[in-house]
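S.K.: What follows is each chain in one-letter form.
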Amino acid sequence: MARYTRRQFIQIGAAAGGAVAASGLATRFWGLDAARAEDPGTDGDRVVPTFCELCFWNCGVLAHVKGGQVTKLGGNPEHPLSRGMLCPRGAGGTGLLYDPDRLKKPLIRASKRGEDVFQEASWDAALNKVAEELLKVRERHGPEAVALFTHGFGGSWWKHFMKAWGSPNIGAPSYAQCRGPREAAFTLTYGEGLGSPEPIDLANARVITLIGSHLGENMHNTQVQELAEAVGKGAQLVVVDPRFSVAAGKARYWLPVKPGTDLALLLAWMNVILTEKRHDAEYLAKYATGLDELTAHVATKTPEWASAITGVRPELIRESARLIASARPASLIHPGRHTTWYGDDTQRLRATAILAALLGSWGRRGGYLVTDKFRLAGYPLPKPPLHPGGRSKDDMPKGGGFPVADEVLASGLCDATKPGRALYDLKAWIVYGTNLMQALPAPQETAAAIQNLDFIVAIDVLPAEICGFADVVLPECTYLERDDDLAAPAYKQPFVAIRQAVVPPMYESKPGSWIAKELANRVGLGDQFPWADAREFVETRLAASKIDSAELRRKGALVGKPIPTCEEEGATPNITTGDGKIKLFSAELQQLGFEPLPDFHPQEEAPAGMFRMLSGRAPTHTFGRTTNNRLLAEPFPENEVWVNAEAARALPFPLANGDRVVLVNQDGVRSGPVRARVTERIRGDCVYLVHGFGHTAKGLRQARGRGASDSLLTSRYKVDPIMGGTGVNVNFVRLEPAGRVA
Amino acid sequence: MKKRYAMVVDTRRCVACGACAIACKTENRVSNGGFRCWTVQETSGTFPDLALEARSERCNHCADAPCVSACPTGASYVAEGGAVAVDRRKCTGCKACMASCPYGARFVHAEGHVDKCTFCLHRVTQARLPACVETCPTKALTFGDLADPASAVTRLVHGRRVKTLQPEAGTRPQVFFLT
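Keeping their order, the protein sequence lines are chains E and W. When you number the first sequence by our numbering, it's gap-free, plus one each residue, and the end is 742. When you number the second sequence by our numbering, it's gap-free, plus one each residue, and the end is 1179.
Be a bit skeptical, because a hint or two may be false.
Under the rule of at most 30 Å between Cα atoms (straight-line distance), these lysine-lysine pairs were calculated in the BS3-like manner [unchecked claim]:
#1 286/E to 581/E
#2 233/E to 1139/W
#3 1163/W to 233/E
Please keep in mind that the hints were generated in silico from the structure rather than gathered at the bench.
Can you make the complete structure from the sequences, with help from the hints?
M.R.: Structural data, given as structure tokens:
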């Protein structure tokens, strides 16, 4: 068939119309050249297995490469965490690789710190500058005056650097700003924290209770897969949330609890379960201590008592408690992940942990499983150097002075940067893969702390806000452009996964492994990085572990021998308290001067005309890390402030769905304009924002100025006295029309 | 026997995460501004008595497709398995099909032609699943041949309560929703 332009074809059609109609061939004429299914051509010439870094879940990915470009990403069926499926972030990973706003060259600050003005530099000049500044800090203040903030799997190289350097000050916001209270609570109750991925058995649970967890909007891929699997098999959900979440939409019971009162509800559930003897008495007699004390403690915490606090009807509290108990031991109280809400968070999570024990679900199918790690040999490292003059480990308070914290608090490191607040002042920060201006609460406070530093370097893929405060910015390549260490987290199917560079690094970006090694060479620690590159590091570990490297590289992940994961399969529940018993009553907390059993204490109420500000997740985004990703920003370009429809009608100005408003908090901090979502799906005493929006960084051209930043509006927080987590749901906002001048 | 491709969306499992939309975009090189598939969260009721349906949507590949009738050039046509496809070489982007589609399933691609879900015919004809089905973390999407009595979609459509979007339009949609 002759080729015609579109216009020519129309002209021919018009001219031939009469003749064709006369001949009676009109319909068949247009169909004479039936088209074949057109192939978009995105299948790769080669497909490389690796694992994702769009969030901490690190799912196995198959990257399709065609003509040197990554065309698409699919889930790796060999990898236990993805099982061939990806969440939207994972599927949108090419949007990070090809983000036009990526950091391309090393940058050295050319103006005042925080003004976001830089000059481009060579790698040699930039690395020399960093080395020089760190050595100065060490000489003047000792090696421990350097702190590392890290997020993401590539942080392993930097943790190694810090160990060699001689500083224990390594903090991840994922602890004190996220899962810390949960880790502390489960340690106090069962002896160990949950870690990540959480050892929960969603797929086999018959009732799943979500307390403020946005699972389904928070895309922990494997968990969402298993949640859907459970629902598909008839599992019932109980959802506790001031907002009618997606999970609430599937729930048998949704309890729209007043924000800050979840603990009262949990105590009432315990009251019903114990009073009506629905707990697993046999299991508790065998594995737990403190049942008598707990029973006495909750004797008066009736549904009527809790109803007055939470606003949830007493019958609903009873019915949901009975449903939860009816499914034991396959009744899963989901531990949540982002649990730093009100400053009483460890105790709230203690109640969650205790409830799980009452149901006999720890170490049982459908509850909390026993997990194990795939055995891997480490790299044979030389002995780390001695650091004369450094402070002894015994001189430093555990967990920043919080006796139950078992990780360094990122917020504690920030605090120690303010002069005189700690045993010694921190003088330099290395910030890897975390945008502290959104990850830490009270960015105003973080910005002020940074000004006390002698030096700060940021290593990232994108020019996030924290880069604007750095003295040196170093561009790391994306996970698709680098090798990293092996991943072998504790899991019900022990496995090892490999990250492989799919395409060479773009621009002048480099792998973090290279950057850390080059920096180590310049500060006299090159012998601590004896491998040529990350690939050699991995090959050495594989050889020492007797793993077939070619097989692992071909498959992307190898699964180890099956292990018994629950009592039903022959495993003993994993209880590592001193005496091997579950601590319903915590003598440890009592000795430390805290309540040995969780109790409810009211939170501050909202000032008149204000709403409590809550935040959560969207399935297309990982905090602010992905809001600049064009692929992911397209379906979800900005957040909205959710306002209850009736509360919206009661505002002093008319508010329609989609109108833009400004949020002003109790300290007078103002957000940028944000669209209002007037909805029935939230209580009237609070508003809700998806976290991670409202960027201000000049370099983030897609994300800048879109939506409101909940981090900015979090100008205050409540510190959990038990483990130091920073509760952020203690800020109140009022709404103003966006057009109004301040 | 002639095939009849169909898709079943389980709204109980779907969480409207949008992985289908992103996987489809990268699989099919969908241009910025357009989506071949998308997600919907439909809420009913007033606080606190609420219901929510989450679902993934796309072209319904109607058995009685108004877009095919409306197309002046024959660019919209019924392809293998009854899937409705667009021949970009014939399409002038006149939007007659968009006007006739009751589901809003079509958009104008940046290259000037109309674009929409093809059921990933280029994959399906090679015995692979559509990209959205393959990636869906909740396994809410099932694809298959409705003319095959043994296929999963046939068992779901005939064994479960299903609905289609806007059945009153008389288009006979081939995307079914389990409620």
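S.K.: Each hint: holds or not?
M.R.: Cross-check of the supplied hints:
{"no.": "1", "hint": "286/E to 581/E", "result": "8 Å, holds"}
{"no.": "2", "hint": "233/E to 1139/W", "result": "12 Å, holds"}
{"no.": "3", "hint": "1163/W to 233/E", "result": "21 Å, holds"}
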